[in-house]
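Asker: As a plain string of letters, each chain reads:
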Amino acid sequence: SQTIHQWPATLVQPVGSPLSLECTVEGTSNPNLYWYRQAAGRGLQLLFYSIGIDQISSEVPQNLSASRPQDRQFILSSKKLLLSDSGFYLCAWTPGTVYGYTFGSGTRLTVV
Amino acid sequence: DAKTTQPPSMDCAEGRAANLPCNHSTISGNEYVYWYRQIHSQGPQYIIHGLKNNETNEMASLIITEDRKSSTLILPHATLRDTAVYYCIVPNAGKSTFGDGTTLTVKP
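Note that the protein sequences, when read in sequence, are chains R and B. Letter by letter, the first sequence follows residues 1 to 112 of the numbering used here. Letter by letter, the second sequence follows residues 1 to 108 of the numbering used here.
Bound-form chain R, shown alone (with noise of 0.2 Å):
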């Protein structure tokens, strides 16, 4: 079965700090991958999604970027973090375009 990986779970950071997030998933090739950031009480903002290695696009102008080294290998990025980078990191994946998502466990960061 299919499976998703996100870490860390919680992360706290100074503003200016480097970023990275991790997001991994096994038992599937070739899946679509996503990032996306919720603010408090806020829906889902789609950052970036990606439908093979070196294939990603950005969605949202902002101080972040993501990369995909490998297959199933998705990583969020930033050089320095602002504080208005807190929020829900959420990563997902899909096998395809029509069907749905299924999404990790996310990363709360919070920026100090």
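To be clear, the hints were calculated from the coordinates, so they are not data collected in a lab. Some clues are possibly wrong.
[What the hints assert, rightly or not] When the alpha-carbon atoms are kept at most 30 Å apart in a straight line, the in silico DSS-like pairs for lysine-lysine are as follows: (1) B:Lys52 with R:Lys79; (2) B:Lys52 with B:Lys3; (3) R:Lys80 with B:Lys95; (4) B:Lys69 with B:Lys95; (5) B:Lys107 with B:Lys95.
[What the hints assert, rightly or not] Partial list, derived from the structure: chain R residues whose beta carbon lies under 7 Å from chain B: (6) Gly43; (7) Leu44; (8) Leu46; (9) Tyr49; (10) Leu90; (11) Gly100; (12) Phe103; (13) Gly104; (14) Ser105; (15) Gly106.
Just so it is clear, CB atoms sit at the ideal spot from N, CA and C, and this is done for glycine as well.
Given the structure of chain R, go ahead and fit chain B onto it with the hints provided.
Answerer: Just chain B now, kept in the frame of chain R:
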């Protein structure tokens, strides 16, 4: 994405049916409607999806109008554990934005 519109909040008595509406008037003919729910501090969980016909699984039923411009998620016997935010989405090209959803509060 086809835009979806949901009421911000609803209440339901425990043991009663919860009916959560969603409008998606710009949906195209080959786009599916998906429903998810999110319990606090967790990732959203898939509930059900449909294209044209009504669907039922162990969690819920999905009723889609004949013109496909709206749908209703039905939780037949709501429990306190069904208290969550419910999202209706219509993915396009494999990607979607989840709006604010409907916060369902099941009350004893």
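Asker: A separate judgement is required for each hint: does it hold in the structure or not?
Answerer: The hints, checked one at a time:
1. Between lysine 52 (chain B) and lysine 79 (chain R), the direct Cα distance comes to roughly 46 Å. Violation of the 30 Å bound is thereby established for this hinted pair.
2. A distance of roughly 18 Å separates the Cα atoms of lysine 52 (chain B) and lysine 3 (chain B); the hinted pair therefore holds under the 30 Å criterion.
3. Proximity of lysine 80 (chain R) to lysine 95 (chain B) is assessed by CA-CA distance (about 27 Å); at most 30 Å being required, the pair is judged to hold.
4. For the hint pairing lysine 69 (chain B) with lysine 95 (chain B), the CA-to-CA distance comes to about 20 Å; that is within 30 Å, so the pair holds.
5. Simply put, lysine 107 (chain B) and lysine 95 (chain B) have alpha-carbon atoms about 34 Å apart, too far for the 30 Å limit, and the pair is violated.
6. With a cut of 7 Å, the hint placing glycine 43 (chain R) at the interface with chain B holds, because the nearest CB-to-CB distance is about 5 Å.
7. Residue-level restraint check for leucine 44 (chain R) holds (minimum Cβ-Cβ distance to chain B is 4 Å; threshold 7 Å).
8. At about 5 Å, the closest approach between the beta carbon of leucine 46 (chain R) and any beta carbon in chain B falls short of 7 Å, and the interface hint on this residue holds.
9. Of the supplied interface hints, the one on tyrosine 49 (chain R) holds, with its beta-carbon coming within about 5 Å of a beta-carbon of chain B, less than 7 Å.
10. Among the interface hints, the one on leucine 90 (chain R) holds; its C-beta lies about 5 Å from the nearest C-beta in chain B, closer than the 7 Å criterion.
11. At its closest, the beta carbon of glycine 100 (chain R) sits 4 Å from a beta carbon of chain B; the interface hint therefore holds under the 7 Å criterion.
12. The interface hint given for phenylalanine 103 (chain R) is met, as the beta carbon of that residue sits about 3 Å from the closest beta carbon of chain B, less than 7 Å.
13. Annotation: interface hint on glycine 104 (chain R) holds; nearest CB of chain B at approximately 6 Å, less than 7 Å.
14. Against a cut-off of 7 Å between C-beta atoms, the interface hint on serine 105 (chain R) holds, since the closest Cβ of chain B lies about 6 Å away.
15. Given hint, glycine 106 (chain R) at the interface with chain B, holds; its Cβ is 5 Å from that chain's nearest Cβ, closer than 7 Å.
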